[in-house]
Structure formats: C-alpha cells, structure tokens
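Numbering (our numbering), first residue to last: 2 to 149.
Derived from the structure by calculation, the hints contain no laboratory data. Remember, it's a predicted structure, so these values are computed and weren't measured experimentally. There may be inaccurate statements among the hints.
What the hints assert, rightly or not - Computed list of lysine-lysine pairs in DSBU-like fashion (alpha-carbon distance at most 30 Å, straight line):
#1 K146 to K125
#2 K97 to K146
#3 K79 to K115
#4 K146 to K79
#5 K35 to K146
#6 K26 to K97
#7 K125 to K115
#8 K79 to K125
#9 K125 to K97
#10 K97 to K31
#11 K122 to K97
#12 K97 to K115
#13 K37 to K146
#14 K79 to K97
#15 K115 to K146
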Amino acid sequence: MTEIGTTEAAFLLNISTARLRVLLKQGRVKGARKVKRFWIIPLNGRGMPEISSGSRGPEGTWNKGKRTGNTFIHVLRKVIDDNRDNGTTDPAIAVKIGGRNDYCHEVEILGPCKIVYHPHKPNKSQAGGARLWIEVEPEIQVTRKIFQ
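Construct the entire structure; sequences and hints are all you get.
Structure below.
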C-alpha cells in the first residue's frame, strides 16, 4: 500500500490543502495517521485517498478517480489591462482542470509542461478561444496561490 503526504493527497483529490486538513481533523480520511507533525495518507487500489461521507450537507466535490485530462493555464490579458488601468489586483491567471476554472496570482508547475501558441487556430474546445496557453500532463502537480 502506497502512502503520501497532505500536499500530494490534496492534488490527487483536487482540493486545497486547508480543506484536506479539515477532513483529516474530522477523521474522514480512511487510514490516515499522524507521525510527529506530518500526516501519512494511504492510497486505495485506484491510487486515490479515500474520504468518508459527512453526516450532513451536500456530497463532496473531490476527485474519485485519477485525472486523465490535461491542465490548461491561461494568462488573462484583459484582467492585466484592467488591473493596470483601475489599480486593482484581480487574479490574472486561469487554471483549467477538467471542467473547473481556478483564478490565481501565481502558479507553480512541479514537472514538465509545454507552452502552445496557435495564432490562427484558437483552442475553442479546452481554452475558450485562447491562442496561447500552457499545457500540463494530468500526473504533474500544479500549485495555485492567491494574494490578498
């Protein structure tokens, strides 16, 4: 049985490390144990941490299986222009994982990736018509940060 830490488990589940720590504190991560200051989380047969259901509220939105689609990262030029003109600090980077978009100020890619530029053939299916984007394989961890 493979065991991992909180950062990698949060990446596999596609949730924040803070949310995972809440689930750990509630005892909802099956087989998880704390060794000194660190959590050790076992993986099931599909290579995913198992989360038990809560007693109330909606069903959780974490990944049940491993991700298969690429991650797309876009720099939002219009947001950069608005921030410059209006003195705002809105997040100007969009990270698309599956059908979910996260907006952030900083992205750290922990592995290989590629930058794709198609000036005359925009990617309407995955990237919303973008002509320039960064593509990351599904198994590569992407860390997102938002500044206040």
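Evaluation of the provided hints:
1. Restraint check for K146 and K125: the C-alpha separation of about 26 Å stays at or below 30 Å, so the hint holds.
2. Taking the CA atoms of K97 and K146, the gap is near 14 Å; set against the 30 Å cutoff, the hint holds.
3. Between K79 and K115 the CA atoms are separated by roughly 23 Å; this keeps the pair inside 30 Å, and the hint holds.
4. With a CA separation close to 20 Å, the supplied pair K146 and K79 stays within the 30 Å bound.
5. Of the supplied pair hints, the one linking K35 and K146 holds, its CA atoms being roughly 26 Å apart against a limit of 30 Å.
6. Using a Cα cut-off of 30 Å, the hinted pair K26 and K97 holds, with the two alpha carbons roughly 29 Å apart.
7. Between K125 and K115 the alpha-carbon distance is near 18 Å, which keeps this suggested pair within the 30 Å criterion.
8. Distance restraint check for K79 and K125: the Cα-Cα separation of roughly 18 Å lies within the 30 Å cut-off, and the hinted pair is therefore satisfied.
9. A hinted pair counts as satisfied when its Cα atoms are at most 30 Å apart, and K125 with K97 qualifies at roughly 13 Å.
10. With a CA separation close to 29 Å, the supplied pair K97 and K31 stays within the 30 Å bound.
11. Distance check on the hinted pair: K122 and K97 sit about 19 Å apart at the alpha-carbon level, within 30 Å; holds.
12. For the hint pairing K97 with K115, the CA-to-CA distance comes to about 15 Å; that is within 30 Å, so the pair holds.
13. Proximity of K37 to K146 is assessed by CA-CA distance (about 27 Å); at most 30 Å being required, the pair is judged to hold.
14. With a C-alpha separation of about 17 Å, the suggested pair K79 and K97 falls inside the 30 Å cut-off, and the hint holds.
15. Proximity of K115 to K146 is assessed by CA-CA distance (about 20 Å); at most 30 Å being required, the pair is judged to hold.
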